Amino acid sequence: MSEAMVAEGPRKEPAGVLTRILRRKLALFGLVVIAVVTAGAVFAPWIAPYRPDEQFFDGLTLEGAPLPPGGRFLLGTDLLGRDLLTRILHGARTSLIIGVLANGMALVIGTLVGLTAGYFRGVIGAVLMRFTDLMMAFPALLLAICLAAIFQPSLWIVAMVIALVNWVQTARVMYTETTSLSERDFIAAERTLGAGTGRILFRHILPHLVPTLIVWGTLGISTTVLLEATLSFLGVGVQPPVPTWGNIIFENQTYFQAAPWLVFFPGAAILLLALAFNLVGDALREELDPTQRGRA
Amino acid sequence: MNADAKQPSEAAQSAPDSAEVLRVSGLNIAVRTEHGLKPLVEDMNLTLRRGETLAIAGESGSGKSLTSLAIMGLLPPPAVRVTSGTIRLGDVELTALPEAEMRSVRGDRVAMIFQEPMTSLNPVLTIGTQLTEAIRAHVPVTRAEAAERAIAALKSVRISEPAKRMGQYPHELSGGMRQRVMISMALALKPEVLIADEPTTALDVTVQREVLDLLRDLQRETGTAILLITHDMGVVAEMADRVIVMRDGKIEEEGTTRRIFTSPERSYTRDLLAAVPRLGAGAARGGAAPDAADPVARLTDVSVRYDLHGGLLGRVTHRVHAVERVSFDIRRGETFALVGESGCGKSTIARALVGLVPHEGRIEIAGKHLAGLDGAGMKALRRNIQIVFQDPMAALDARMKVADLVAEPLLIHGLGDAGELRARTDDLLKRVGLSPDHGDRYPHEFSGGQRQRICIARALALQPDLIIADESVSALDVSVQARVLELLEALKTEFGMSYLFISHDMAVVENISDRVAVMYLGQIVEMGTRDQVFGNPQHPYTRRLIDAVPIPDPDIRPARIQFGAGEVASPVYPANTGPTPVRLVDRGGGHLAAEH
Numbered sequence: 001m002s003e004a005m006v007a008e009g010p011r012k013e014p015a016g017v018l019t020r021i022l023r024r025k026l027a028l029f030g031l032v033v034i035a036v037v038t039a040g041a042v043f044a045p046w047i048a049p050y051r052p053d054e055q056f057f058d059g060l061t062l063e064g065a066p067l068p069p070g071g072r073f074l075l076g077t078d079l080l081g082r083d084l085l086t087r088i089l090h091g092a093r094t095s096l097i098i099g100v101l102a103n104g105m106a107l108v109i110g111t112l113v114g115l116t117a118g119y120f121r122g123v124i125g126a127v128l129m130r131f132t133d134l135m136m137a138f139p140a141l142l143l144a145i146c147l148a149a150i151f152q153p154s155l156w157i158v159a160m161v162i163a164l165v166n167w168v169q170t171a172r173v174m175y176t177e178t179t180s181l182s183e184r185d186f187i188a189a190e191r192t193l194g195a196g197t198g199r200i201l202f203r204h205i206l207p208h209l210v211p212t213l214i215v216w217g218t219l220g221i222s223t224t225v226l227l228e229a230t231l232s233f234l235g236v237g238v239q240p241p242v243p244t245w246g247n248i249i250f251e252n253q254t255y256f257q258a259a260p261w262l263v264f265f266p267g268a269a270i271l272l273l274a275l276a277f278n279l280v281g282d283a284l285r286e287e288l289d290p291t292q293r294g295r296a
Numbered sequence: 001m002n003a004d005a006k007q008p009s010e011a012a013q014s015a016p017d018s019a020e021v022l023r024v025s026g027l028n029i030a031v032r033t034e035h036g037l038k039p040l041v042e043d044m045n046l047t048l049r050r051g052e053t054l055a056i057a058g059e060s061g062s063g064k065s066l067t068s069l070a071i072m073g074l075l076p077p078p079a080v081r082v083t084s085g086t087i088r089l090g091d092v093e094l095t096a097l098p099e100a101e102m103r104s105v106r107g108d109r110v111a112m113i114f115q116e117p118m119t120s121l122n123p124v125l126t127i128g129t130q131l132t133e134a135i136r137a138h139v140p141v142t143r144a145e146a147a148e149r150a151i152a153a154l155k156s157v158r159i160s161e162p163a164k165r166m167g168q169y170p171h172e173l174s175g176g177m178r179q180r181v182m183i184s185m186a187l188a189l190k191p192e193v194l195i196a197d198e199p200t201t202a203l204d205v206t207v208q209r210e211v212l213d214l215l216r217d218l219q220r221e222t223g224t225a226i227l228l229i230t231h232d233m234g235v236v237a238e239m240a241d242r243v244i245v246m247r248d249g250k251i252e253e254e255g256t257t258r259r260i261f262t263s264p265e266r267s268y269t270r271d272l273l274a275a276v277p278r279l280g281a282g283a284a285r286g287g288a289a290p291d292a293a294d295p296v297a298r299l300t301d302v303s304v305r306y307d308l309h310g311g312l313l314g315r316v317t318h319r320v321h322a323v324e325r326v327s328f329d330i331r332r333g334e335t336f337a338l339v340g341e342s343g344c345g346k347s348t349i350a351r352a353l354v355g356l357v358p359h360e361g362r363i364e365i366a367g368k369h370l371a372g373l374d375g376a377g378m379k380a381l382r383r384n385i386q387i388v389f390q391d392p393m394a395a396l397d398a399r400m401k402v403a404d405l406v407a408e409p410l411l412i413h414g415l416g417d418a419g420e421l422r423a424r425t426d427d428l429l430k431r432v433g434l435s436p437d438h439g440d441r442y443p444h445e446f447s448g449g450q451r452q453r454i455c456i457a458r459a460l461a462l463q464p465d466l467i468i469a470d471e472s473v474s475a476l477d478v479s480v481q482a483r484v485l486e487l488l489e490a491l492k493t494e495f496g497m498s499y500l501f502i503s504h505d506m507a508v509v510e511n512i513s514d515r516v517a518v519m520y521l522g523q524i525v526e527m528g529t530r531d532q533v534f535g536n537p538q539h540p541y542t543r544r545l546i547d548a549v550p551i552p553d554p555d556i557r558p559a560r561i562q563f564g565a566g567e568v569a570s571p572v573y574p575a576n577t578g579p580t581p582v583r584l585v586d587r588g589g590g591h592l593a594a595e596h
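Chains A and B, in that order, give the protein sequences. Residue numbers are given in this note's numbering: position 44 of the first sequence equals residue 44, and the series is strictly consecutive. Residue numbers are given in this note's numbering: position 85 of the second sequence equals residue 85, and the series is strictly consecutive.
So here's chain A without its partners, still in its complex pose (with noise of 0.2 Å):
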């Protein structure tokens, strides 16, 4: 009778993360969705028909409405007669930063918060979890509006104030799970080990929150494209005439009667990188636990 070997003679080394993923289809195809929305945003000038701002004296009807997708403008075009097609290639590179950049600064902060928090508890803890919870009590709108109008109204502005005040519901999540983390054993096999507390916090806490984060931050893609939206019809955002997908939405969506596309097209799009990166974040969490491998 001997003690069953699980685990017998050395292992198959496992393809890279990469080559897993792209033998996935849904990942797949996220991963192509991504890479199509990040070339148009980078070749936008390139390889959009016109100009951003244009303004076409047959961009509309005779009674002065837009006009529907198909001929020569494909998407059709907005209220003023630009094409939509440009304007979405080229609100991508807003979005993209927007979503991307912004939400990832949210995670980011949302997670070093929740971490410490979670794990210190205590004075600390309590400080930072009660300051957390009146930043979620403030209205994020007021707060968003109160820092855009301190500072000049920009990209980069924006993309820090959304990070500013989007990232407290991670750092709620990632308090509860790092705290319930914390009291497992395997930490505290660490600690008796001797590892600091750096090590504990970011070799063996950090990783097990990854999933979770993924989650997160794939949900917070559209989230934080539609809050700068809100912003840039606010007048503290983006300023108009520079095409963001969130902008486009705003202007138009009293029109959406009249003219769907206008709402449809753009809406389709955040929706769609949003899915692709979810899809993405998905695969990746899945490949990236090692206790899924190996399982039959």
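These are calculated hints, taken from the structure and not from any lab test. None of these values were measured; they are calculated from a predicted model. Watch out, some of these pointers could steer you wrong.
To be verified - Just a sample of chain B residues kept apart from chain A, beta carbon distances all over 10 Å, derived:
| # | residue |
| --- | --- |
| 1 | Arg-81 |
| 2 | Gly-314 |
| 3 | Lys-368 |
| 4 | Arg-424 |
As the list claims (entries may be wrong) - Derived DSS-like pairs: lysine-lysine, alpha-carbon spacing no greater than 30 Å straight-line:
| # | chain 1 | residue 1 | chain 2 | residue 2 |
| --- | --- | --- | --- | --- |
| 5 | B | Lys-250 | B | Lys-38 |
| 6 | B | Lys-38 | A | Lys-25 |
| 7 | A | Lys-25 | B | Lys-250 |
For every residue, glycine included, the Cβ atom is placed at its ideal position computed from N, Cα and C.
Based on the hints, put chain B in the right spot on chain A.
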């Protein structure tokens, strides 16, 4: 029933008065995986007669619990299912029964009690509500009648003050009382078959004894057939009339309990029985006589107390006296065991020793006073003292490779460069009986015993003077447990370490320890060498613990012991009071026992 029960017809003839209530024949259970159906239980056959107890014994993964779940129709859908075979309860074929009809069979004709009574009871409903609901689900009676029946059921399992218990919630009862409630719930409708899946595994040994006695008495009164699923050969020997030994989903051996224990036919059964720790086996080992001077660790009046806040102002109203004025030495090269039941404070002492919980009093390790150390001093001290936890899966970071896990203590203490680390890690893995190839894998790819070996390798990496084994073998199968204990023993001789061995299992402690301390409610009530404590126990609590250990020999049916009413003894005291300190008196040769 003396005949070997391999031929059911023959067995049935030998006991004509016992009607067959359950027959499982040719049962196959399989799980659907990506690679097709994988069999979990193959060709399972069993018959159960009225008033009989049949034990299915086996180690984890042997398919014993799956068999019982299949009988209850509770296999986790949709992946795991019965692929062929029949389960007949009286004249009803259970495998073909639709879920709606199965529900009326469950509880009414076949009832089940599970391992962990706390998780099988709903924590937000009172005992009374849960019992009456269970009764009313099967019998058309009024609420008042159901309540009456429920009280009667509680009385039958000898719970004190049954009417009061009806209004209580599960958390207000002790573990033993909760399991009694589960039993009363299972037996309230007088089922023909009671399936008991590891009914006493989560209970303390003295409580286990009470529950086993209760089950036997109830069976005698009601004639219910019991299907007992257990890994504990001691429980099998005490309870069962017949035994089926399972291994890897197949029946390994089947027969009357006496035959299985006296002349097992299969080598697996023999090995399984040989691996069971028995009281008295340790005496043959002979004790080392470690040097009493220069102890590895010395505890003097160590207490660990937790404050409980209450009232409007959040003042400290009560304190949990988890450990109360405990003093002992661990000598160089000895195995010092701390035994006691859950909540007695033995694990808290371990955690205080490694600095995981704050303590009062004086702990000296290698002559250094623990409380006076700064961060660097504490880190240096950790090289002298290491701990191995109970559940190796929980104690290992699931996202790190085994080689990194084993190398981590060396890395933390800056011992060796990358090349040396790898060599040391490989060496450590070999020492604990693993292969260096295993280093590239993650903990979940190993079995429980292998994982515990990884934890031991980690503890060993710093070459400490003292390793604390906190219930380190309790979660392992007996055969694996025996091998891990052998490993610990071999390492002790090789490296000359000391162990602080913490366990609730008297038999294991008797087998491996040099000196023993018995703890009860935070205090040591008896302490001495193994021969003193086990050969001549002085304190009644020690005697109770020793008497309650199930003996893996069907010819010895231990005398019944009457214990307390099952009330929870608690180490919680109001803030300005505390437990009465026990006074340890020398009973000769350093054998200390509390006055009583």
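Outcome of the hint check:
No beta-carbon of chain A is positioned within 10 Å of the beta-carbon of B/Arg-81; the least distance is around 17 Å. B/Gly-314, annotated as away from the interface, keeps every beta carbon of chain A farther than 10 Å; the closest lies near 14 Å. Consistency note on B/Lys-368: stated as away from chain A, and its beta-carbon is indeed over 10 Å from all of that chain's, at 15 Å minimum. Consistency note on B/Arg-424: stated as away from chain A, and its beta-carbon is indeed over 10 Å from all of that chain's, at 15 Å minimum.
Distance check on the hinted pair: B/Lys-250 and B/Lys-38 sit about 14 Å apart at the alpha-carbon level, within 30 Å; holds. Taking the CA atoms of B/Lys-38 and A/Lys-25, the gap is about 27 Å. The hint holds against a cut of 30 Å. Between A/Lys-25 and B/Lys-250 the CA atoms are separated by roughly 41 Å; this puts the pair beyond 30 Å, and the hint is violated.
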